[in-house]
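> Using the sequences and the accompanying hints, generate a full structural model.
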Amino acid sequence: MFSRQFDKAVKVGGAVAGATGAAIFLIVYFSMWNDNADVGYRPQQPVPFSHKMHVGTLQISCQYCHAGVESSAHSPIPSTQTCMNCHTLVKAESPKLKVVRESFESGQPIEWVRIHKLPDYAHFNHSRHIRAQIDCKSCHGPIEEMGVVSQFKPLSMGWCIDCHRKPESGIIGARPISGVFTGRMHNVKNLKDSAYIFTSIEAQIGKSTPMISPSYGQMISPLPAHVVAGIPHPKSAGIGPETCSTCHY
Amino acid sequence: MNRKSLYALGIVGLALVAGIVSVLSSRTTWFSESPPIEVLPNLDLQFKDIPQSGNTFFADRKSLRDPVEGTVARGATTYLLGQGDIELAETNNVDPEIEKSAFVLSRGQNRFNVFCSPCHNYDAKGESIVAVRGEWAGIPNLTRPETSALSNSRIFHIISAGQNLMPSYADKISPIDRWTIIYYLRSLQNNNAQ
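In the order they appear, the protein sequences are chains A and B.
When we follow our numbering, the leftmost residue of the first sequence carries the number 330, and every step to the right adds one.
When we follow our numbering, the leftmost residue of the second sequence carries the number 7, and every step to the right adds one.
No wet-lab data here; the hints were simulated from the structure.
Glycine included, every Cβ here is placed at the ideal spot set by N, Cα and C.
Hints may contain errors.
Stretch-level coverage of chain B by chain A, calculated; a stretch enters the list once three of its residues show a Cβ under 8 Å from a Cβ in chain A [unchecked claim]: (1) 22-28; (2) 43-55; (3) 61-68; (4) 170-177.
In structure tokens, the structure reads:
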């Protein structure tokens, strides 16, 4: 019906349009994933604070500044007073710390840019995870190597659930640097001498039984068949972490 | 269009799709300074205060309001003595004399290593990384006899109110943790004396 040339143009044009459409769809589809949209968010902060210097080189524990993370839902951003504990003496005249000094004098908090942001309808409790001796690195990545902090994990619901179903894939047991365990950083040998009963995550996992994948209407994890002395296993809470109201309340 | 070029086109298309999928689903991190795109931001940002957020409703933009002057939050503890009230500290700070169990001591070790070790070092001798790097003089060796001779109440006072260059740690360390720190420090001093 059509000329041979027109037919060919339609075929080639259709193929090209289809391929372009598929490419655009794929790019948009994957860009919506938190792995691509959120991970790597690295905003400029008002103060050029380097975690690499403070945690990596000076080996100050996470909890020195983020004190209260083990007792509150949020990991507190340190007050300006915390900075000034040292910086009244150290680099007291540094131009990089101008904002900190101004904040300290005026009492107006520094407006740090939030990196890790959950939707407002999802609640995450830091203290619960710290008490389970889950290291900060499990979710925040190697902070001690980051000059400027960026988001390291997607913080999506699927990511939470993945880890709760298969903790051994995601959890990094408490490291000395975080202060989650003993706060001691240098002599790792002494960790085992400490009076805390320490069970490595591998040992905990070894004792746990794999959870059957839940079917509809069975969203509550089975009560633990195992008992891990001293340290709660992520799966062994009284009500399972897969109850909707655990995070959405 | 001959069969050969159709095949070629198909292969190029497949390679393109495979390339996009493998790159985008991989663990490559693309750093960005702009906030993440919210595709369906339905209730992600609600009209409410969440902790540590800014707030345009108040002139000072603080969501967390300062306590009303002259009030203390329920359950909060304040340390009322100033740095100079040394005599009062001896009578006011009553040692709860918690049993020095392994748990209590390791709790003290934890808190000591987190809050004290940046300056005083893990062995309490004062030559920490920060001190050495900053060439700080005057960080006391806490295992020397002068410090060992201080009473528990006095050390509690120093932690709570600060001393010389050391600021108050009353806002960071709970009172019970301060006592555990003291017990742990005593064990360090004993180890050193032997």
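> Which of the numbered hints are not met once you compare them with the structure shown?
none
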